[in-house]
Amino acid sequence: MNDRSDPGTVRAARRLKADTVTLAHGGGGKAMRDLVEDVFTSVFEPADMEDQARLADAAMREEGARLAFTTDSFVVDPVEFPGGDIGKIAVCGTVNDLAVGGAKPLWLSAAFIIEEGVEVALLRRIAASMRAAADEAGVRIVTGDTKVVGRGSADKLFVTTSGVGVIPAGRDLAARNVRPGDVAIVNGVLGDHGAAILAVRGDMALTVEIESDCQPLNALMEAVIAAAPSVRCARDATRGGLASALNEIADAAGVGIEIEETTLPLRAEVKGVCEILGLDPLYLANEGTLVLFVPPEEAEAALAAMRATPAGRDAVTIGKAVDKHPRTVVMQTLFGGGRIVDMLVGEQLPRIC
Amino acid sequence: MKYADEFRDPVAARGLLAKIEQVTSEIGATAEKPVHIMEICGGHTHAIFRYGLDKLTPPGIEFIHGPGCPVCVLPMSRVDESVEIAEQPGVIFCTFGDAMRVPGTKKSLLQAKADGCDIRMVYSPLDALELARRNPDREVVFFGLGFETTTPSTAFTIQQAAADGLMNFSIFCNHITVPPPIKALLDDPYMTLDGFVGPGHVSMVIGIRPYDFIARDYNKPIVVAGFEPLDLLQSVLMVLEQIRDGRAEVENQYSRVVPDEGNPASIAACDDVYETRERFEWRGLGEIDTSGLKIRDKYAAFDAERKFGIGYGAASRFVKEPEGCRCGDVMTGRIKPPQCPKFGAECLPETPLGALMVSSEGACAAYYQYGGSRLEAAE
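Going line by line, the protein sequences match chains E and P.
Heads up: the first sequence at position 347 corresponds to 355 in our numbering, and the numbers run straight through without jumps.
Heads up: the second sequence at position 186 corresponds to 1258 in our numbering, and the numbers run straight through without jumps.
Some clues are possibly wrong.
[What the hints assert, rightly or not] Keeping only pairs whose Cα atoms sit at most 35 Å apart, straight-line, the calculated DSBU-like set for lysine-lysine is: (1) LYS1091/P - LYS1255/P; (2) LYS332/E - LYS1105/P; (3) LYS1178/P - LYS1414/P; (4) LYS1408/P - LYS1179/P; (5) LYS1414/P - LYS1127/P; (6) LYS25/E - LYS38/E; (7) LYS1414/P - LYS332/E; (8) LYS279/E - LYS1185/P; (9) LYS1179/P - LYS1255/P; (10) LYS1370/P - LYS1255/P; (11) LYS1127/P - LYS1105/P; (12) LYS1366/P - LYS1185/P; (13) LYS38/E - LYS164/E; (14) LYS1091/P - LYS332/E; (15) LYS1414/P - LYS1185/P; (16) LYS1366/P - LYS1408/P; (17) LYS1255/P - LYS1366/P; (18) LYS1366/P - LYS1392/P; (19) LYS1185/P - LYS155/E; (20) LYS164/E - LYS1414/P; (21) LYS38/E - LYS155/E; (22) LYS279/E - LYS1392/P; (23) LYS279/E - LYS1379/P; (24) LYS1127/P - LYS332/E; (25) LYS1408/P - LYS1091/P; (26) LYS1392/P - LYS1414/P; (27) LYS279/E - LYS1127/P; (28) LYS1392/P - LYS1179/P; (29) LYS332/E - LYS1408/P; (30) LYS1392/P - LYS1185/P; (31) LYS1379/P - LYS1185/P; (32) LYS1392/P - LYS1408/P; (33) LYS1185/P - LYS164/E; (34) LYS25/E - LYS155/E; (35) LYS279/E - LYS164/E; (36) LYS1091/P - LYS1105/P.
[Claimed, not checked] Covered stretches of chain P, going by a simulated chain E footprint (3 or more residues, C-beta under 8 Å): (37) 1077 to 1088; (38) 1115 to 1126.
Read the hints as simulated data drawn from the structure, not as lab findings.
Note that beta-carbon positions come from the ideal geometry of N, C-alpha and C, so glycine has one too.
Kindly produce the complete structure, drawing on both the sequences and the hints.
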């Protein structure tokens, strides 16, 4: 990587003067160059300014290592919310997709579809937030693209990130590996992201202060894998919430999963929002919460390792895989009655990420 | 969580369940010869399954799931008409979110939105009124539906629109009332109901006196209930005690929310705005006398039926239920959801065939979502 320790002075001469984005900023000319360089590349500091990133990393050259590659689009409304913004979840979301598969995330691309009329100041805040999230996760944003579309053709800003990482030799995290008896652990409270977005949209006139849980989980995953090398699989519980993640795992592994309602970690505020609106927190979206399965003999070690990381302080065991009711998730309710926890039907909330 | 956890205390629940068990055996009810208790309200149906109360109560109690899910009983012809209104040029059609997926004969509102209609999800009729205020060149229509729980807020909104002279605002009124279908069910010779768990939020508005006929004329007990697990268990116990003692009374378990006389301001607003329709169609149940509300002549300017020339009751409007759908039999207690051959096969929450699979408060959807027979089959 090039050292661009002082990009501000380099770029000062080309500083973008406009307050809002116009179609001219997508036209391929000077205005676009100014937007891209001043707002994005000076912040992300990619290695060079070719159209493609040319990448090398020692981890790729290790015998048996595999490349991991993922992509995700983000359309969250509003673009800024308590605890994060569309840029932060675009970075964290893609980092987490790689991390839960056992990969060490290395490089990201970022593509922006910008609606004409968006304030440049907003774009600067989003870019700074992406850089901060990338730094926290230890990844680089190495290439990207911007397009500007007419008013009404997009809503403010859509972001697509793709990510490349390396899975070290010998690692095989996959849902199909889960066996009856394996213990299910989550790293923290459920539903904060979904509840935060709902509250901030103002449709419900809710005055609760809930922050999105949006955070990178790759450091936590490395800590777990080091402490519990037989960890079977992990899933980040994004859209569709914990319920959907557990159902996918039960399906892929052909096992049943049992969870205990009393163990589910929920903030009082999130429970309150769900009560008022009739939502089930098991289906609320998360952006920094995962569920993983480990063999019972490594469960304590995994829990301890998670709790030692900032993203895993509230880690807790919520249930286990069983050989009963294959491909079905069952929750023991407060009173001991059992009920099926199914996949989400339709959408609980639109444009949550 | 304060004021909710107290009503979900497992120790208190076990205490109530022990008493329910005892009274059930005193009555002599068994799995072969159970007492039939109908919970009228869809919110209660949902809570019974969500907390697994049907599994925890003794086999001598059978819950019959009533017609109290307003989205479920909305006739398909009215969905078609709502789509027709939404398709008119210049219309902004506003609806509660749970009505979006209800299938009409051609399409749902969700599909109509995808096809280009301007359909907005709102959380209150006042949100729709605000849209009318901000869009004076558009006709804003609110899809008024629901029982007495939502009826007053629609009435207040019409009064407000009239006071503000917002002539580009109207209501497509599909409001219905709870007591008439109960009467219809009690008149059904096949029904063998021993008692009712009465709706909580509806009663908050109308009070408990409109249920007097159930005790007086039909000699059945009814207990108005709250929505938390302990509310429901206590209400079931109260119904059972009435049966054991040979009483038939209207009792109020939910007195922390429901005043016996209801909410006079809401009742007055509804009297001002609505009059009773001679009859109204309920999906799965057919037409029921005096069960629907329409907008009075004095508010005709805010009545979408008149504005768009849609009158209730044109014979050509009536729509047959899909072939083989047995929602009516479920709602009248003749069969349980899994006994319907379409349940869980062609009729699923994502592709509902019948009314009761449409909303999460419908008996079939609750049954499907939370297990019931699927859990037993899986184990």
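Structure-based check of all given hints:
Between LYS1091/P and LYS1255/P, the direct Cα distance comes to roughly 30 Å. Compliance with the 35 Å bound is thereby established for this hinted pair. The suggested pairing of LYS332/E with LYS1105/P holds, with an alpha-carbon distance near 32 Å, which does not exceed 35 Å. As the CA atoms of LYS1178/P and LYS1414/P are separated by approximately 20 Å, the hinted pair is consistent with the 35 Å bound. At roughly 28 Å between alpha-carbon atoms, LYS1408/P and LYS1179/P fall within 35 Å of each other, so this suggested pair holds.
A threshold of 35 Å between alpha carbons decides the hint, and for LYS1414/P with LYS1127/P the separation of about 24 Å falls inside it, so the pair holds. Between LYS25/E and LYS38/E the CA atoms are separated by roughly 12 Å; this keeps the pair inside 35 Å, and the hint holds. A distance of roughly 26 Å separates the Cα atoms of LYS1414/P and LYS332/E; the hinted pair therefore holds under the 35 Å criterion. For the suggested pair LYS279/E and LYS1185/P, the alpha carbons sit about 32 Å apart, so the restraint of at most 35 Å is met.
Distance restraint check for LYS1179/P and LYS1255/P: the Cα-Cα separation of roughly 33 Å lies within the 35 Å cut-off, and the hinted pair is therefore satisfied. Of the supplied pair hints, the one linking LYS1370/P and LYS1255/P holds, its CA atoms being roughly 30 Å apart against a limit of 35 Å. For the given pair, LYS1127/P sits about 17 Å from LYS1105/P by alpha-carbon distance, which is consistent with the 35 Å threshold. Between the alpha carbons of LYS1366/P and LYS1185/P the distance comes to roughly 26 Å, so the proposed pair stays at or under 35 Å and holds.
Between LYS38/E and LYS164/E, the direct Cα distance comes to roughly 22 Å. Compliance with the 35 Å bound is thereby established for this hinted pair. For the hint pairing LYS1091/P with LYS332/E, the CA-to-CA distance comes to about 32 Å; that is within 35 Å, so the pair holds. Our distance criterion of 35 Å between C-alpha atoms is met by LYS1414/P and LYS1185/P, whose separation comes to about 28 Å. Annotation: proposed proximity of LYS1366/P to LYS1408/P holds, straight-line Cα distance about 33 Å (limit 35 Å).
With a C-alpha separation of about 20 Å, the suggested pair LYS1255/P and LYS1366/P falls inside the 35 Å cut-off, and the hint holds. Taking the CA atoms of LYS1366/P and LYS1392/P, the gap is about 24 Å. The hint holds against a cut of 35 Å. Of the pairs offered as hints, the one joining LYS1185/P and LYS155/E holds, with about 27 Å between alpha carbons and a cut-off of 35 Å not exceeded. With a C-alpha separation of about 45 Å, the suggested pair LYS164/E and LYS1414/P falls outside the 35 Å cut-off, and the hint is violated.
Distance check on the hinted pair: LYS38/E and LYS155/E sit about 14 Å apart at the alpha-carbon level, within 35 Å; holds. A distance of roughly 42 Å separates the Cα atoms of LYS279/E and LYS1392/P; the hinted pair therefore is violated under the 35 Å criterion. A distance of roughly 43 Å separates the Cα atoms of LYS279/E and LYS1379/P; the hinted pair therefore is violated under the 35 Å criterion. At roughly 18 Å between alpha-carbon atoms, LYS1127/P and LYS332/E fall within 35 Å of each other, so this suggested pair holds.
Restraint check for LYS1408/P and LYS1091/P: satisfied, since their Cα atoms lie roughly 26 Å apart, inside the 35 Å limit. Taken as a hint, the LYS1392/P and LYS1414/P pair is honoured in the structure, with Cα atoms around 16 Å apart against an allowance of 35 Å. Pair hint LYS279/E plus LYS1127/P holds up; C-alpha atoms about 25 Å apart against a cutoff of 35 Å. Among the hinted pairs, LYS1392/P with LYS1179/P is consistent with the structure: their alpha-carbon atoms are about 15 Å apart, no more than 35 Å.
About 25 Å separates the Cα atoms of LYS332/E and LYS1408/P, which keeps this hinted pair within 35 Å; it holds. Only pairs whose Cα atoms come within 35 Å are accepted, and LYS1392/P paired with LYS1185/P is accepted, the gap being roughly 25 Å. Proposed proximity of LYS1379/P and LYS1185/P is supported: the alpha carbons are some 21 Å apart, at most 35 Å. Between the alpha carbons of LYS1392/P and LYS1408/P the distance comes to roughly 22 Å, so the proposed pair stays at or under 35 Å and holds.
Restraint check for LYS1185/P and LYS164/E: the C-alpha separation of about 21 Å stays at or below 35 Å, so the hint holds. Straight-line distance between C-alpha atoms of LYS25/E and LYS155/E comes to about 19 Å, which keeps the hinted pair within the 35 Å bound. For the given pair, LYS279/E sits about 31 Å from LYS164/E by alpha-carbon distance, which is consistent with the 35 Å threshold. Taking the CA atoms of LYS1091/P and LYS1105/P, the gap is near 19 Å; set against the 35 Å cutoff, the hint holds.
Judged by the Cβ-Cβ criterion of 8 Å, the segment 1077 to 1088 of chain P is covered by chain E as claimed, because 4 of its residues qualify and three suffice. Note: the segment 1115 to 1126 of chain P has 5 residues with beta-carbon separation from chain E under 8 Å; the three-residue rule is met and the coverage holds.
Comparing the model with each earlier hint shows violations of hints 20, 22, 23; every other hint is respected.
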